[in-house]
Structure formats: C-alpha cells, structure tokens
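Novice: Next come the chains, spelled out residue by residue.
Number of protein chains: 2
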Amino acid sequence: MKILITGGAGFIGSHLTDRLLSEGNEVVVFDNLLRGRISNLDEAVKNPDFKFIKGDILNKEEFFKIFEENKFDVVFHMAANSDIASSHANPDVDFGNTLSTTYNVLLGMKEFGVKNIVFASTSAIYGDAGITVDENFGPLFPISHYGASKLASEAYISSFCENYGFKAWITRFPNVVGERATHGAIYDFINKLKKNPNELEVLGNGKQCKPYLYVKDLVDAILLVWKNTNEQINFFNLGVESRTTVTEMAEMVINEMGLNASIRYTGGDKGWVGDVPQFSYSLDKIHKLGWSANLSSNEAVRKSVQYILEKDLCSL
Amino acid sequence: MKILITGGAGFIGSHLTDRLLSEGNEVVVFDNLLRGRISNLDEAVKNPDFKFIKGDILNKEEFFKIFEENKFDVVFHMAANSDIASSHANPDVDFGNTLSTTYNVLLGMKEFGVKNIVFASTSAIYGDAGITVDENFGPLFPISHYGASKLASEAYISSFCENYGFKAWITRFPNVVGERATHGAIYDFINKLKKNPNELEVLGNGKQCKPYLYVKDLVDAILLVWKNTNEQINFFNLGVESRTTVTEMAEMVINEMGLNASIRYTGGDKGWVGDVPQFSYSLDKIHKLGWSANLSSNEAVRKSVQYILEKDLCSL
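Protein chains in written order, with our numbering: chain A, 15 to 330; chain B, 15 to 330.
Simulated from the structure, these hints should not be mistaken for laboratory data.
Certain hints may be false.
Copies of the same chain are indistinguishable here, so a pair counts whether it falls within one copy or spans any two.
Unchecked claim - DSBU-like, lysine-lysine: derived pairs with alpha carbons at most 30 Å apart:
(1) Lys241 to Lys181
(2) Lys208 to Lys85
(3) Lys74 to Lys124
(4) Lys230 to Lys284
Nothing here was measured: the structure is a model prediction, and the numbers come from that model.
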C-alpha cells in the first residue's frame, strides 16, 4: 500500500512510519520539521520504500505536488501543533497548524481522489467534562484551542466523508509518552531540576491526574482500528485505564535523576489555561475490538523519563 | 447597550436589528451585502441609534476598525454563508464565510476586550442522527460543510470562553422562514412554477420532513435565551414541534400561486448532498425556559410563501 504520513517525522508519526514500513508498505512522510526531527527517521531512511519530503501543508501548492506525484491509498494525518499550552497567547497557532492543515489535507484528497484518512484526534475535544466520557458524549465544549481545532477537524472530516465518499478512522489520544517525545511536563521537570536540583516547582497542586499512553501501544491501537473497522466514520477513544498524578510524575523524575529535591506547588487545580485537570474516558469500545495497552500509565511515564535522561535530550 | 450585529442586513439579522433597536439599544450592523439587503434595514435607518457599515469580516483590518471605534457590550454574530447546498462544489465557501468569520469575530473581541457573544448555530451540527436529539447528543458528525463550520465555530467559541473569560449564548436553529428570506426551497418552487406552471419538479421523494420556524418567533427565542441565562456557555435548540414535508410545502406554493400543477419527484430520500432528510430535535430545554413558537411549521411556511409572492421577490 502507498501511504502518506503528515507529521511523520514527529514523535508519534515517526513510530507509525517505522511500523508501516516494517509491514511492507511504501511510505511518504511530509513534515515541516517544526517539532519533528530527521533523527526520528534514522531507521526509516534505510528502507528503499521510504521517502521524506520537507514542506508546509499550509503551502497548498507545495503540498498538493505530493498528491500529483504519488497515488496514495490512504493518508495518516498526524501533523498538528502539539504544544497545547502555547496557543493561549496566540490562537492562530492551532487554527493554522491543527485545523487548517487538516482542511488542506482534505482538499488535497478531494482534488486527487484519495478516499481514506486516518486521523489523530484527542481526548481534548471532550473539554473538562468532569465525568468518564465515552465516544458518544455531548455536548462537546473543548477548553483549549487545540481541542477546538481537533473537534473542528473531525467536523470537516465528517462532512467530506458525506460529500465525497471518504472513509475515516478517527482515533482520540490521551497524553502520549515514550521514545522521541519532544516536550511536555517531563521535559519541564528535568530542565527545572538541572537549574535547581534541590527544589522542583510544579504548576498547580500536583493532583492533576491523567492517563499517559505509551507511544508504541498507541501505534498498535491506531493500526488495529484502521485494519479492523469498516464504517464510513470509525471513531475510538484510545488510552490506558490507569492514570498518573503530576506529583507521581515529578517524584519519578526526581528519583530517576538520583536527586533528593523537595516539591513546591504553585497551587490551583489547573497547570495552565486550557488544561483538563482530572481526565478519564471510557475505553470499552476499543477493548471490545480486542486491544488494550501493554504498559500502565506509570510504566509509560517512567520509560519516557528514562529515555529522555539516557539520550540527554534536555538542554538548559 | 451598544451592540454589534454581524450579518445584520440579512434575513434573520435584520429582524434582530429591528427588535434590538425597538428595545432602546444602539446597534451597529456590519454586513458584506452578499445576501443581505439594504432594503431589509429600511426601518432601522430611521433610528438615530443605528449605524450600518458595509464590509467583509474576513478583511481583518477593515473589520477590527469597528471595534476600535465602538465599545461594544455584546456581539450578535449572525454572518455566515446561508446557502448550505452550494458548498458541496466548493467547501471554501463555508470554511471562509461560516467558520473563518466566527474566528475573526472572536479574535476581534479578544483584542478589544468584548466579552459577550450571541451565536447563530444550527441543527446541522447534529448531522443525520436519525433520532430526536437533545442538546447533549453525541457523537457530532455533521454531513454538510455548513454544519461542520458551525460546529467548528462552537468549538472555538468554547475555547475562547475558557481562555479569555468570554460568555456565550449559542442558539441552534432549524430551517427558518418568513419575511426577508432570500433563498431556499420556496424560492426554487416559485421560480420553477413561473417557468412551467403545469408541473413542479421536486428534488428527492417529497418525504423530507423538517420543522420550519417563523423568523419572528426565532428572534423572540434568541433574546429570551440571552436575557435569561447566565452560564459561561448557554446553549439551546430553538425550533417548533410541528414539521412540514417537502410535498406539503410544494402544495402550498402551487395553491398560493393559484395553479393546478402536478408534482414530479426526482426520487431518493435526500434533496441534495448534505441534506438531512428527516429531522427533529428536542425543545424541552427552551420550553422549560418559558418559550415556545407561536406559529406552527405549516403556518410559518405559508406565511413565507405569501410574503415572497406578494413582494414578487422571485425573478426568473
């Protein structure tokens, strides 16, 4: 199969690239390398069925060229802004990089007759629901521009399905951790502890509690959904039952760095505006399809901490 | 109160303009006159508290000037593409005129410190649900680009509420008819019958069945919601319990034109791609707030037919 992966040099996209290549597919990665890294594709570039193109989806002319030059069977659309907190100051970050990218992907597919899209959506579309939500939850009032942009993306994917006979696989992710992660709380903690090994400042009260899914478990799930469901729109929460508090994460980082730092909390129940402090959602639908995560949330977080420290990916 | 009404020269917006002026408010209408008509504001222009500015919300510089020059208490954002069927051929129509307009309104409010927005949303966000849906229905998979753009608009309204302390009143409309309507099935039928008074071609099987709300009833409901609810996001289905089939509508037009035409159906259960053929949604929430429509769906449709014929608004 010939597959386009947008954002395929990024954290999640590059794992997907490796897996789809290992299964014998031809893969073209299109990535602007804003957060993606060429080094994430070290394995992929050895494969003759792999091709990397640096470019910006928002540059329609440049982007459409790859549709002209390749007849894709399916697009895995993973490109998006991934730093949710950043767009509080500038909502254009997510309107552009998270929504308009999706819209241009859909336009390209329409123009060049590609009918299948696998989409990286998010638990953030549910907003701060305050209860365990399943896939049929409503109303949908996201509290971050990132969540809004992903919900908007789902909405257009849906209307393109109806209007042009597309088929879609929408997979909604919680926080994802593991090898090649580029930013987030673990990075922040390590950087802060490098500056001051005696005290770690934690935003909020430390009780924010979320499921952290291991990236390779996530890739398993995405591919399982894609291969085993066949509705016009297939949509699944992906995740892990267990959860990790911010305090647990902070303690793991302190512990793995061999430090004895105390934790100081800034207070309040949210780390930042748009943060959903207590989140859990139902995984019954994906479990019924025959998948559950191998690593617990704590195991996934610890693995990620160890990887970042080993590779020395943090720099002051 | 000083109020901005985007799309205030349009079908629904102009009725809202008249009403808000009659209640003693200062009203500024910003409209690109794409479908809006200056003649809809014949009453408004007599009022010294009224001001009309022709302009395009998508031209940010031009649009933001009105925020610079006026300190608004609230924005009624009614501007949107209103011809749902048209964007099948060109999805940019709705991405631009229905979503990006909303996004620019939100940016303008953020930049100039306006905190309150009343928004014209739609039953189309629910897609082709196949059941009677209330405000908490999910999943939300709209089938028209118009519905997708309105859902996307709601999503950003929600994230702007959380990020910048906005308050929102989201009112979801069904089909709306009455004085000053600019297009739609009634117009199509009249135009077809002017060409051929003996036979009326009807798209679909005539059994498409929807609630048609009278525009003045709608304006009552919008203002009631705005004045009587006070959550950060207030959201209501507005509508009428009764419904009208396409066949009933066709018969009313034939009858009001004094003709004896036969009806020929093109067949199929949808009039056009993106059409929701059988729609009804729950009005319990708005009824509990103390509002219900004065005119039935059939009464509203007939009133609209009579108005269009009297004013001779159709032209071949």
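Novice: Confirm or reject each hint.
Specialist: These are the hints, each one checked on the structure:
1. Lys241 to Lys181: within (13 Å within a copy, 43 Å between copies)
2. Lys208 to Lys85: neither (48 Å within a copy, 48 Å between copies)
3. Lys74 to Lys124: Close inside one copy (13 Å) and across copies (29 Å); limit 30 Å.
4. Lys230 to Lys284: For Lys230 and Lys284, only the intra-copy Cα distance (28 Å) is at most 30 Å; the inter-copy one is 44 Å.
Against the hints set out earlier in the document, a violation occurs for number 2 only.
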